[in-house]
Every structure is written in C-alpha cells, then in structure tokens.
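Peer 1: Protein sequences, first through last, are from chains A and B.
Per my numbering, the first sequence starts with residue 1, numbered consecutively.
Per my numbering, the second sequence starts with residue 1, numbered consecutively.
Please note: incorrect hints may appear among the correct ones.
[Said to hold, decoys possible] Label-pair distances were calculated between CB atoms; the ranges are:
hint: 1; chain 1: B; residue 1: S9; chain 2: A; residue 2: S70; range: 38 to 46 Å
hint: 2; chain 1: A; residue 1: N59; chain 2: B; residue 2: S9; range: 39 to 47 Å
hint: 3; chain 1: B; residue 1: V54; chain 2: A; residue 2: L97; range: 38 to 46 Å
hint: 4; chain 1: A; residue 1: F69; chain 2: B; residue 2: E79; range: 42 to 50 Å
hint: 5; chain 1: A; residue 1: G84; chain 2: B; residue 2: K71; range: 27 to 35 Å
hint: 6; chain 1: B; residue 1: R51; chain 2: A; residue 2: A2; range: 25 to 33 Å
[As the list claims (entries may be wrong)] Now the stretches of chain A that chain B is said to cover, found in silico as 3 or more residues with beta-carbon under 8 Å:
hint: 7; stretch: 47-59
hint: 8; stretch: 105-113
[Stated by the list, open to error] Here are some, though not all, of the chain B residues that point toward chain A, as calculated from beta-carbon distances under 8 Å:
hint: 9; residue: G43
hint: 10; residue: I47
hint: 11; residue: F102
To be clear, the hints were calculated from the coordinates, so they are not data collected in a lab.
In this text, all values refer to a predicted model and were calculated from it rather than measured experimentally.
Glycine included, C-beta positions come from ideal geometry on N, C-alpha and C.
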Amino acid sequence: KAGVTQTPRYLIKTRGQQVTLSCSPISGHRSVSWYQQTPGQGLQFLFEYFSETQRNKGNFPGRFSGRQFSNSRSEMNVSTLELGDSALYLCASSLGLAVSTDTQYFGPGTRLTVL
Amino acid sequence: GENVEQHPSTLSVQEGDSAVIKCTYSDSASNYFPWYKQELGKGPQLIIDIRSNVGEKKDQRIAVTLNKTAKHFSLHITETQPEDSAVYFCAASQSGNTPLVFGKGTRLSVIA
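The whole structure should be built from the sequences, with the hints applied where relevant.
Peer 2: Quick look at the structure:
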C-alpha cells in the first residue's frame with residue numbers, strides 16, 4: 001500500500017508571496033492533518049480535515065488555510081508569507097473513523113524556505 | 001490544553017546498550033500515546049503506540065510503558081544499533097485521530 005505523498009518536496013518563496021502544498025493520503029484514509037515543524041517550536045498542529053470538512057484547528061493565524069477534496073486529497077495554503085513560515089510542513093493521514101484505534105501516518109513533508 | 005515534556009533532548013549510547021526516553025503529559029483526558037522516529041530528510045514514522053487501557057507494550061527491541069497515575073510514559077530500546085540513530089518524538093492525544101501534541105524530541109546517537 002502506498003504511503004502518504006506530499007508535493008512539492010521543496011519550495012523557495014519570497015516574503016509576501018503565497019504558496020500551496022498538496023497531500024495525498026493513504027488509500028482508504030479519510031482524515032488528513034497538517035503539522036508545521038520548526039527547530040524552535042517542534043511539531044505543531046495546523047488543522048485536520050475529514051470528509052471535506054475542517055474538523056479541528058490549531059492556533060495559527062488565518063493566513064494558513066486548507067481544504068480537502070472528495071478523493072480525500074488535501075491542500076494547504078499560506079498567504080502573505082513571512083520569514084517565520086520557513087519550516088517543514090507535514091501531512092498525516094488516518095482512517096478518521098475508529099476513534100479508539102486510529103493511527104496517524106506521516107508523509108515526507110514539504111520543506112518551505114521563505115527569503 | 002495538553003502539554004508534553006520530553007527528556008532528554010540528546011542521548012548518546014554505545015551500540016548494544018539500552019536507551020530510555022521519558023515523556024510527561026498534563027491532560028488526564030489523554031489516552032493515546034504514540035512514538036515516532038524521524039530520520040534526516042524524512043517524515044516521522046510511527047514505531048509503537050500505547051493506549052491507556054494497557055500499561056506496557058512491546059515490539060521486538062522496542063517497548064513503551066505508561067503510568068496514567070503519574071502521567072508519564074517511556075520508550076525503551078534494547079540492544080541498540082547504529083540504525084536506531086534518529087530523532088524520537090513522543091506525543092499524546094485523546095484518541096487516535098484527534099490532534100497530536102508532540103514533545104520536543106530526543107536526538108539519539110548510537111555509537112558503534
């Protein structure tokens with residue numbers, strides 16, 4: 001079974017630009033979560049989508065947004081990029097149904113550098 | 001909200017020795033505790049997880065113990081090998097598909 005895939009793997013942008021990252025979950029998984037990983041703050045939860053609806057949201061500004069399509073693929077968008085947005089953005093997928101037994105599996109991440 | 005503390009931040013062991021990483025959590029409602037291993041240039045990979053209805057779980061050289069009363073859980077790696085060198089993260093959540101709250105990570109180096 002193929003794992004979680006994320007594209008692109010690397011991105012370089014300048015301040016003020018916007019960026020869109022993509023995540024394809026494991027086949028059959030309906031929940032997609034996004035995390036930001038930085039050396040200083042570690043792994044922080046951005047948001048989670050299930051059946052095309054945002055089900056959970058972390059403590060990030062409105063410049064960070066996401067969506068999920070009917071095939072469970074997800075995108076996240078960051079507008080008006082700031083230097084501090086440089087990070088590894090990780091996507092994790094899970095079945096999203098069995099609350100007591102579900103497990104999240106991570107993709108390789110997209111490394112975003114803001115200049 | 002949940003807060004997860006992880007110690008130590010770095011750990012060096014000789015090949016063949018054991019390694020122990022400890023985490024504490026603050027939210028007594030948390031009942032799912034996964035451990036992830038992250039190698040350079042890769043995303044976190046789940047290596048073992050435990051739920052609050054058990055106190056210990058083992059998978060070959062890896063074991064996790066959970067003390068719900070004290071709100072801490074630990075990862076034990078026995079007979080360490082150079083390929084165990086990586087950053088290890090503990091996490092906690094109220095269920096398998098609710099947001100994970102991560103510890104800051106432990107960089108494990110296994111010296112051959």
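Peer 1: Each hint needs a verdict: does it hold in this structure or not?
Peer 2: Consistency of the hints with the structure:
Between S9 (chain B) and S70 (chain A) the C-beta distance comes to about 43 Å, which sits within the given range of 38 to 46 Å. Distance hint check for N59 (chain A) and S9 (chain B): the Cβ-Cβ separation is about 24 Å, which falls outside the suggested range of 39 to 47 Å. For the hinted restraint 38 to 46 Å between V54 (chain B) and L97 (chain A), the CB-CB distance of approximately 22 Å leaves it violated. Checked against the hint of 42 to 50 Å, the pair F69 (chain A) and E79 (chain B) passes, with Cβ atoms roughly 45 Å apart.
Between G84 (chain A) and K71 (chain B) the Cβ separation comes to about 32 Å, which falls inside the hinted range of 27 to 35 Å. Remark: the range hint 25 to 33 Å for R51 (chain B) to A2 (chain A) is upheld by a beta-carbon distance near 27 Å. Under a criterion of three residues with beta carbons nearer than 8 Å to beta carbons of chain B, the stated coverage of the stretch 47-59 of chain A is upheld, 4 such residues being counted. Restraint check on the stretch 105-113 of chain A versus chain B: 5 residues with Cβ-Cβ distances below 8 Å, three needed, restraint holds.
Against a cut-off of 8 Å between C-beta atoms, the interface hint on G43 (chain B) holds, since the closest Cβ of chain A lies about 4 Å away. The interface hint given for I47 (chain B) is broken, as the beta carbon of that residue sits about 11 Å from the closest beta carbon of chain A, more than 8 Å. The beta carbon of F102 (chain B) comes within 4 Å of a beta carbon in chain A, closer than 8 Å, and the hint placing it at the interface holds.
Violation of the numbered hints given earlier is confined to hints 2, 3, 10; the remaining hints are satisfied by the structure.
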